[in-house]
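A.B. asks: Listed here are the chains, written in short residue letters.
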Amino acid sequence: MNAPQPSPFKSSSYKSDIKPVWCPGCGDFHVLMSVTKALAELGRAPEDVAVISGIGCSSRIPAYTNCYGFHGVHGRSLALAAGLKVARPDLNVMVMSGDGDGFSIGGNHFLHACRRNIDMTYIVMDNRVYGMTKGQPSPTTEPDWDSALSPGGTGLSPFHPLVIALASGANFVARTFSGSIKESTNVIVEAVRHPGFSFVEILSPCVTFRPDEREWKNTVHTAAVETTSDPARAARRIMTDDGFNTGILYRGDRKPYDTHVSDTPGDVSILDQEFKIG
Amino acid sequence: MSQKTGALESISLAIVGSGGAGAITAGAIILEAAAKSGWYGIMTRSVGPQIRGGEAAALVRLASRPVNCMSEHFDLLVAIDWNNAERFAAEMPLANHGVVFCDSAGGDIPDAIAHSGVSVSKVAMKDLATEITGGRENMIAVGIVAGIIGLSIDEIMDIVATKLSEKGSEAIEAGRQCIQAGIAQLEQYTDILKLKPSKQKDSERWLITGNEAVGFGAVRGGVRFAAAYPITPATEVLEWLASGLARVGGALVQAEDELSSVNMAIGASYGGRASITATSGPGLSLMIEALGLAASAEVPIVVVDVMRGGPSTGIPTKSEQSDLNIAVYGCHGDAPHLVIAPLSVSDCLFSAQWAVYLAEAMQAPAIILSDQSLGQARVIIDQPADVTFLARRKIYEGADDEAYNRYALTADGVSPMAIPGTPGGQYTADGLTHSVRGTPSSKNSDHQDQHDKRNNKIANFDYGDHWADVEGEGEITILVWGSIAGPAREAIRTLAGEGIKVKLVAMRLIAPFLKEKFLSALNGSTRILIIEQTHSGQFHKYLRAQCDLPGNIRHFHRPGPHSIGPEEICDQIRDWKKS
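Sequences listed follow chains X and F, in order.
Using the numbering used here, the first residue of the first sequence is number 25, and each one after it goes up by one.
Using the numbering used here, the first residue of the second sequence is number 67, and each one after it goes up by one.
Simulated from the structure, these hints should not be mistaken for lab results.
All residues carry an ideal CB built from backbone N, CA and C; glycine is no exception.
Incorrect hints may have been included.
Quick partial rundown of chain X residues pointing at chain F, CB under 8 angstroms, derived from the structure [to be verified]:
#: 1; residue: Pro86
#: 2; residue: Val97
#: 3; residue: Val110
#: 4; residue: Pro182
#: 5; residue: Phe183
#: 6; residue: Phe299
With the rest of the complex left out, here is chain X:
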């Protein structure tokens, strides 16, 4: 067996020259850094990587990479990516989203993407707020967070993305913190390598509308447990942790979605046989 070849690419190979719209201090800068480092480590050429997103601050990320990208409509990135990956199984498809895009308007697609288990990586930059529309509560926002749209807070239970991913059939579940670039890079590399649908929640502070999230760097901690392949055990751990446990929390062994497509041109001329009156 040959020793693995060193990657011919650097993280800069995956960065574009377009200046991000993000606010100074936004966690998404770090996510972009971790993603490009992970891609360099994975060694796929930029043209063989597709970064798909919806709408929101985090969804601006495709244009900041030097990969193929699609900045689609709000909430539908997983659907668009599913079509792309089924049509082009040869590509490395990464979907990047935020908590509003991914869990609110795109919530149904999240469930079915986990269920479908197509071989792709789903990274959600979770800052618990709608940033692009200037500060409204998202599904992961705490119930007492005050805003103009929900004075006094929503009073609603936050959405629990990792548990929902697990219950819906995701094959790989992890959580990291944007500021932990080394850990995030490693987790993304593992997520891409793992077959099937891999879900990575990256806690990524919004310093503009959630300045309290600057404290996250002191709150997060690496999970003190080994990765499990038992979904019940993973669910129990995630349900009972403080929401700031980071690391790979679950690795499943479900068979990825079989795409069936072939590059061999089929013989269309035989298809009319079923209609002929014989």
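Model the placement of chain F on the given structure of chain X, informed by the hints.
C.D. replies: What follows is chain F alone, placed relative to chain X:
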């Protein structure tokens, strides 16, 4: 007792019964046997809202020439029972020479039929079927129809043997005995209704539904990916594609909703595969946002809308043309795209193939407006021509020294598209207004330039003569779109027999509107009858918004569920001729 009518050019018959009685199967057997015997024909189904156990009717028209619509009067009605049949009675008016056969124990004859003056004969269908081991009353009904119209039992048994092959030889034998028992009831009625023999037995003909034809046309056009979310009456497009694509190395994915299916199609097309999805009105409403994305990001996709009665959930099993407005105007912002309407079941094949070609050539979304009357009609047609469109998507081949601009401004508005995997072609497709490179921009010049580009590529394309079928001459013109071309052609044929010459302009390309070709086709028309199946007259208003219509205009329109038939179109013209 009815009088003999002599051999007819076309016979319309209905087989009705409770859901599960097998009326639809009986109709399908008759249609296929007629196909094998060299006739043409069409079959539609009329079913109640229940999934199982409601009422069901197979409506079959057989003819010695190609037919594209049902006729308004039925020559023969066979009722396995009358449960809920009064709900159908209005859809099945009987001709004066009409003949009705019903089961002796099948319940009360509906008033509309009992008082219509037609001949009603009672046959003990259920009892006869009971006497035969494994016998079914719908096969007795098949025998009755076969005997009356003159279909041979050999032709029918070929079909029955195929349909029942999985159920074994005993079921096939029971079928034969039932059909013979049905025929045996008829000795006294033979030759009431006879169809003129067809000379077409040796020519290549197909038996196909509009929904199958759309799917097949799309695959012929190059589609290799479909995303599916089931909806009546479009599901059969997707079901055909599931097996059709598998046979040519393509793929179909079932989506969780229409928001997903249309975005899946966009994703697959972005990846370089021609892509399609199919839906009906409610699903098209959900897809509209993504159609705007496909227009802005210039990703070709084809969306088939098999229209049904609207608004909202409407009448899922019945036809209407009332999605014209949403198809043309639904997108927010200015989002140029294509709207194509097949003119017959046979034309579903051509129109779908053409739609794929247009979408791919212009890198734009195309909506195909089929409808339930085409989609779910099973029709015997002459083998359609295998059309070839050579142009494909304009692709960026890479290896350019200059930086790649995905949305470069070109003479025809179409710029080479890089397919993921191509080195040097990386770009981000975007629904945000963008520069030529694809970078998000709110600059006035970028917005204007990209609007012009997207508009011009569609406005200036050479659509050839396919935009409409223009047939015949005369100072009176019938102007229609989509499926209404079927009854309009039939009406024009009837009127020709009365010495009234009528021209037909049947529009296949709804958007863009080709003003010069349109006005040229109407040149010389002094009276124009516009016909459409909408309550509000969407087509008429659309035309008025596009140009000043020449001559005197009459507008005949109404919503579904009852289809617009050739006879009422004839009446419109006859009435106008008098004035």
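A.B. asks: Hint by hint, note whether the structure agrees.
C.D. replies: Comparing the hints with the structure gives:
Against a cut-off of 8 angstroms between C-beta atoms, the interface hint on X:Pro86 holds, since the closest Cβ of chain F lies about 5 angstroms away. Given the 8 angstroms rule on beta carbons, the hint for X:Val97 holds: about 5 angstroms separates it from the nearest Cβ of chain F. Taking 8 angstroms as the C-beta cut-off, the interface hint given for X:Val110 holds, the closest approach to chain F being about 5 angstroms. Here the hint on X:Pro182 is broken, as its CB sits about 23 angstroms from the closest CB of chain F, past 8 angstroms.
About 18 angstroms separates the beta-carbon of X:Phe183 from the nearest beta-carbon of chain F, more than 8 angstroms, and the hint is not met. With its C-beta approaching chain F no nearer than about 4 angstroms, X:Phe299 sits inside the 8 angstroms limit, and its interface hint holds.
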